[in-house]
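Kindly produce the complete structure, drawing on both the sequences and the hints.
Protein sequence lines, in the order shown, are assigned to chains D and B.
Just so we're aligned: 160 in our numbering is position 160 of the first sequence, and the numbers increase by one with no gaps anywhere.
Just so we're aligned: 460 in our numbering is position 46 of the second sequence, and the numbers increase by one with no gaps anywhere.
It is possible that some hints are incorrect.
Claimed, not checked - Pair ranges (Cβ atoms, derived):
no., chain 1, residue 1, chain 2, residue 2, range
1, B, Pro635, D, Lys92, 29 to 39 Å
2, D, Asp368, B, Ala897, 58 to 68 Å
3, B, Leu883, D, Glu402, 37 to 47 Å
4, B, Pro635, D, Ser249, 31 to 41 Å
Simulated from the structure, these hints should not be mistaken for laboratory data.
All values reported here derive from a predicted model rather than from experimental measurement.
For each residue, glycine too, the CB sits at the ideal point set by N, CA and C.
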Amino acid sequence: MRTRSFDVAVIGSGPAGMAAAISASDEGSSVVIIDREGRSGGVLKQCVHDGFGLERFHKRLSGPWYAQIESDEVSRRPIEVHQDTFASRIEKTPSGFSIFCSSPRGFERIDCAALIMATGCRERTSKQIAIHGTRPAGIFNAGTAQNMVNIHGILPGRKAVILGSGDIGLIMARRLSLEGCQVIGVYEAKSEPSGLARNIHQCLDDYHIPLYLGTTVTRCIGIERLEAVEVAKTDSSMHPIAGTEQIVSCDTLVISVGLIAENELIKPLGVKMDKATSAPVTDQYSMTSINGLFCTGNCRVVFDLVDTVSKTSMICGRRASQIARKASAGPAVQVVSCTDLAFVCPQVIRMPAGKVQLHFRPKKVLRDYMLTASQDGKIIGQKYYSVLRPAQMEDIEISADESQAEIRLEGESR
Amino acid sequence: MTFRALERRIKSISPEASASIIDGCVVLKGKCKSYSQVLECGRLAARLHSDGVVNDLYVEGLESKPMYISSIKDEELEAKSFDVCIIGAGVVGCAIAREMSRYKLSTIVVEKEYDVGLRASSRNDGMIHPGIDLRPGQRKTYYNARGNRLYDQLSKDLGFDFVRNGSYVVFDKAWNWLLLPAFIFRRIFNPIDGIRFYSRKKLAKLQGSVASWQKGAMYLPSSGIVCPYQVTISLAENAYSNGVRFSLDTAVLGMQSKDGEITSISTNRGTFKACVVINAAGVYSDIIAQMAGDRFFTIHPRKGTEAILDKEAGYLTSSVVAKIPLGDVKNHTKGGGLVRTIDGNLLVGPSAEETIEREDDSTSSSIIASLFEKHSRTVPALTQRLDITYFSGTRASTYEEDFIVRKGRRVSNIVHAAGIQSPGLTASPAIAIDVCRLALEILRAQGINARPNDSFNPKNPQRIRPSRLDDEQRDALIQKDPAYGRIVCRCEEISEGEIRDALTRPLSVMNMDSVKRRCRVTMGRCQGGFCTPAAAQLISKQAGIPMSKVRKARGYLALCPVKEAQDENQEL
Ligand SMILES: Cc1cc2nc3c(=O)[nH]c(=O)nc-3n(C[C@H](O)[C@H](O)[C@H](O)COP(=O)(O)OP(=O)(O)OC[C@H]3O[C@@H](n4cnc5c(N)ncnc54)[C@H](O)[C@@H]3O)c2cc1C
Ligand SMILES: Cc1cc2nc3c(=O)[nH]c(=O)nc-3n(C[C@H](O)[C@H](O)[C@H](O)COP(=O)(O)OP(=O)(O)OC[C@H]3O[C@@H](n4cnc5c(N)ncnc54)[C@H](O)[C@@H]3O)c2cc1C
Numbered sequence: 001m002r003t004r005s006f007d008v009a010v011i012g013s014g015p016a017g018m019a020a021a022i023s024a025s026d027e028g029s030s031v032v033i034i035d036r037e038g039r040s041g042g043v044l045k046q047c048v049h050d051g052f053g054l055e056r057f058h059k060r061l062s063g064p065w066y067a068q069i070e071s072d073e074v075s076r077r078p079i080e081v082h083q084d085t086f087a088s089r090i091e092k093t094p095s096g097f098s099i100f101c102s103s104p105r106g107f108e109r110i111d112c113a114a115l116i117m118a119t120g121c122r123e124r125t126s127k128q129i130a131i132h133g134t135r136p137a138g139i140f141n142a143g144t145a146q147n148m149v150n151i152h153g154i155l156p157g158r159k160a161v162i163l164g165s166g167d168i169g170l171i172m173a174r175r176l177s178l179e180g181c182q183v184i185g186v187y188e189a190k191s192e193p194s195g196l197a198r199n200i201h202q203c204l205d206d207y208h209i210p211l212y213l214g215t216t217v218t219r220c221i222g223i224e225r226l227e228a229v230e231v232a233k234t235d236s237s238m239h240p241i242a243g244t245e246q247i248v249s250c251d252t253l254v255i256s257v258g259l260i261a262e263n264e265l266i267k268p269l270g271v272k273m274d275k276a277t278s279a280p281v282t283d284q285y286s287m288t289s290i291n292g293l294f295c296t297g298n299c300r301v302v303f304d305l306v307d308t309v310s311k312t313s314m315i316c317g318r319r320a321s322q323i324a325r326k327a328s329a330g331p332a333v334q335v336v337s338c339t340d341l342a343f344v345c346p347q348v349i350r351m352p353a354g355k356v357q358l359h360f361r362p363k364k365v366l367r368d369y370m371l372t373a374s375q376d377g378k379i380i381g382q383k384y385y386s387v388l389r390p391a392q393m394e395d396i397e398i399s400a401d402e403s404q405a406e407i408r409l410e411g412e413s414r
Numbered sequence: 415m416t417f418r419a420l421e422r423r424i425k426s427i428s429p430e431a432s433a434s435i436i437d438g439c440v441v442l443k444g445k446c447k448s449y450s451q452v453l454e455c456g457r458l459a460a461r462l463h464s465d466g467v468v469n470d471l472y473v474e475g476l477e478s479k480p481m482y483i484s485s486i487k488d489e490e491l492e493a494k495s496f497d498v499c500i501i502g503a504g505v506v507g508c509a510i511a512r513e514m515s516r517y518k519l520s521t522i523v524v525e526k527e528y529d530v531g532l533r534a535s536s537r538n539d540g541m542i543h544p545g546i547d548l549r550p551g552q553r554k555t556y557y558n559a560r561g562n563r564l565y566d567q568l569s570k571d572l573g574f575d576f577v578r579n580g581s582y583v584v585f586d587k588a589w590n591w592l593l594l595p596a597f598i599f600r601r602i603f604n605p606i607d608g609i610r611f612y613s614r615k616k617l618a619k620l621q622g623s624v625a626s627w628q629k630g631a632m633y634l635p636s637s638g639i640v641c642p643y644q645v646t647i648s649l650a651e652n653a654y655s656n657g658v659r660f661s662l663d664t665a666v667l668g669m670q671s672k673d674g675e676i677t678s679i680s681t682n683r684g685t686f687k688a689c690v691v692i693n694a695a696g697v698y699s700d701i702i703a704q705m706a707g708d709r710f711f712t713i714h715p716r717k718g719t720e721a722i723l724d725k726e727a728g729y730l731t732s733s734v735v736a737k738i739p740l741g742d743v744k745n746h747t748k749g750g751g752l753v754r755t756i757d758g759n760l761l762v763g764p765s766a767e768e769t770i771e772r773e774d775d776s777t778s779s780s781i782i783a784s785l786f787e788k789h790s791r792t793v794p795a796l797t798q799r800l801d802i803t804y805f806s807g808t809r810a811s812t813y814e815e816d817f818i819v820r821k822g823r824r825v826s827n828i829v830h831a832a833g834i835q836s837p838g839l840t841a842s843p844a845i846a847i848d849v850c851r852l853a854l855e856i857l858r859a860q861g862i863n864a865r866p867n868d869s870f871n872p873k874n875p876q877r878i879r880p881s882r883l884d885d886e887q888r889d890a891l892i893q894k895d896p897a898y899g900r901i902v903c904r905c906e907e908i909s910e911g912e913i914r915d916a917l918t919r920p921l922s923v924m925n926m927d928s929v930k931r932r933c934r935v936t937m938g939r940c941q942g943g944f945c946t947p948a949a950a951q952l953i954s955k956q957a958g959i960p961m962s963k964v965r966k967a968r969g970y971l972a973l974c975p976v977k978e979a980q981d982e983n984q985e986l
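Given below as structure tokens:
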């Protein structure tokens, strides 16, 4: 069995993995990227729509274009890229980590001092949101449908219902109707759309696709292929209301109901998890509770914009390189969120920190809101938001230097 | 009960219903107000000692959906002739097919679905039952005990996974211990190997996830688990390799007979002859008996729903944890519980609901919720959050609540393996041996002396699972064949080589779900979110068809190439 050794190993060559590898390499480390697929870019490869890179490059790039810019940067550096290589298992060693990988070249071990997980996320499935009824062909996750249309050139169906108004659902509504599939409507169990306002305009309004809020799909009907779905109105806790059921005929159901961070590989190492993000607790450098183990990109927290993924992953790569060369991690202080917020990331701050961005989402729409971060009673950051929506990730900058006391977030609507 | 008493009681349930004895069977005719009345009458009739209950009671306006028949229509089997025709390729039909393949006979299995093992045989718990809850003297008990013991050798020969991981029957009330003598007594007639009793303390030590207030347990080491469709597919593959013909997408629609003998069988793929017909049609076995003119029993379908949890929940038990099935005895279920599956997931269920539908696989959220509620009383840490999927299956129960394994009553060339409800998976290898013997007797009576098949090979080609090898072996395998190194399904870690094997093994079927059941691709926590397109591409390559023509279960995965849809829109 072949064994190789690097300062830093990165699993995943989506935007997060590539950005982390680039900055780790620039910091002087030997770096390897491992990716399961034959091409770099992660999920961006199948996102042929534009809207990527607005913040970073001030241009509206397509996903593959954005990925190309990054992978060109990777190839300009002495970074080894192992494609078609699947990380099967990770073990902790005295000097770092061992990754056991399967590829057409064999089963091999890669040792590293610091390990960056950039494995992205997977979609929630129809079963996880309790869609019942029969199991005909024609039920897809949005990402699967996107892959079929954009990579393989096959259309999942001719008459589709879309469940979930997140950005991926909205983008797929437009994509499918452009490709000749009639989109009957986008159904959303919440009373507010989950996607960005600009996507509602550009993907639904411009194509006359109706959006049904407070409505969900409860049942699939069909023996060979999907023939119809049952939809029902929902109450405030998103449960279907009996008696409001309606049958909508369609041959395809596209489900876009949320993403789950993929961290199955490192859970057995005993990494500390955050219930709010269902992902590891990380510091401002994306390091987990295990020294030398990092988790960045969408497997750390589901970001809205790839630009933020790249930015936070660069910080991660630099730090991983330092930790690989035995830099000390520094004492950690806890960030204590407030009840209005669904999560805050990072969950801990290593001191001394200087200026740090905290990312968060509100649980519900909040207007005229002031968020304050304090430590030992001293205000270390404050920001005013005219409106906060769960659909949009926000941030607040804090500066934390001296105190070892926990950082508290407090907010109020004015 | 006397017949008079039965008549009276039937009338009191439904004045428009009547009972009669025809040719040794109790025949119920007329109308009921509800389906539960139909069931009640049927159960009463079974208490009368007769040759069987034919329950033709109906409820106005209540009709079950027609049987699913593939849309394929051709003359594939027209005017052909076979020694043996097995109807139904569930675990029972496939086990019989394998037994028959030990003889030099032309045997055909006809199955209405696109693959083998799609009905009850892929929709169950996968438990190889110890048989503790079965009454001595029943055929269920007899075949279960024998079937259970055959599994070790069968799994070695056919290469399917089988583990005797034992099961705990938990006592939730202190007085349950009073049943001890009953269990011990039962063992005299119904031998169960290695049974042990554990105190509350010992139970807590062995199964930490069980609620601490439980009062102890009975442990049955002979209880095992398998993947039920892997078993069915393995049996079919072996039968096929030994010369049995399988005709899939083929539904038996009628039979012609003369002088108490079936002369021909009609299907959507032609009408053909067979010297012996074997009825292994599961929930439709009474309909097949009717077609043959040999109906003496009635199937009343009983649906069971199960939830499958993420492997993460596997820590809850590595065995089976069930409650003592007291309240369930009258429902003829095993009460269900938590079953660690052979692949490391956890199964919760099954429920038991009487239904008029013979093949309604739909699930509902209320049933799933009730399963979690019920079983979290035994294992408090059980949570619905880890549920990755759910399914339901239908048991082929008769009113006698026992298996039927016998020659026809009025038809000379049929053998019934009917009413095979739970524990039919466990019992099937033993049932197959007897059915094969009965079929050979019928053939002999017709002057056909079947000789042993000298080239019979009891073994299947080996299944290669790289992720189960140790690191060095795995590396060596990939060096020889790089396809075993390219991982397609990330959740289950299935390589391109394994998908290729699933598509080239004996009796392979070019369908997304067939490949899934043969190698577990798309079966993990993302449920095919990532690997569906890649697996479809491999099927399309292997089958030489465009990706848009790849089937998923009974339908098409996708509906057309993007280009085609665009062109059509342009024309509009
Ligand atoms: C369908 C969809 C549409 C989107 N649309 C937009 C949009 O319009 N605008 C926008 O700004 N953002 C969009 N996003 C979000 C954006 O694409 C993501 O934020 C970004 O791709 C996340 O990057 P990542 O590197 O964390 O993960 P990914 O891009 O998912 O990369 C993860 C990589 O890790 C690899 N990997 C995982 N496990 C293993 C393993 N065990 N071994 C080896 N390799 C492994 C995977 O193959 C993959 O290449 C979209 C996301 C999705 C899913
Ligand atoms: C929820 C549930 C849990 C269970 N758990 C267990 C367990 O843990 N252990 C155990 O031992 N048993 C268990 N059982 C019982 C076991 O699953 C069945 O006894 C067994 O699968 C029956 O096999 P079969 O071949 O008779 O039926 P099936 O698998 O239903 O096969 C019958 C076949 O006949 C075909 N067919 C029907 N009519 C026609 C026709 N006209 N023409 C052509 N083909 C036809 C059908 O398509 C089907 O494939 C369980 C059952 C259920 C429902």
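In this structure, is the beta-carbon distance linking Pro635(B) and Ser249(D) contained in 31 to 41 Å?
Given about 53 Å between the Cβ atoms, the range is violated.
Does the Cβ-Cβ separation between Asp368(D) and Ala897(B) fall within 58 to 68 Å?
60 Å, holds
Holds or violated: 29 to 39 Å for the Cβ distance of Pro635(B) and Lys92(D)?
36 Å, holds
Taking 37 to 47 Å as the stated bounds, is the beta-carbon spacing between Leu883(B) and Glu402(D) within them?
Taking Cβ atoms as reference, Leu883(B) and Glu402(D) lie about 55 Å apart, which means the hint is violated.
Checked against the numbered hints listed earlier, the structure breaks hints 3 and 4; every other hint is satisfied.
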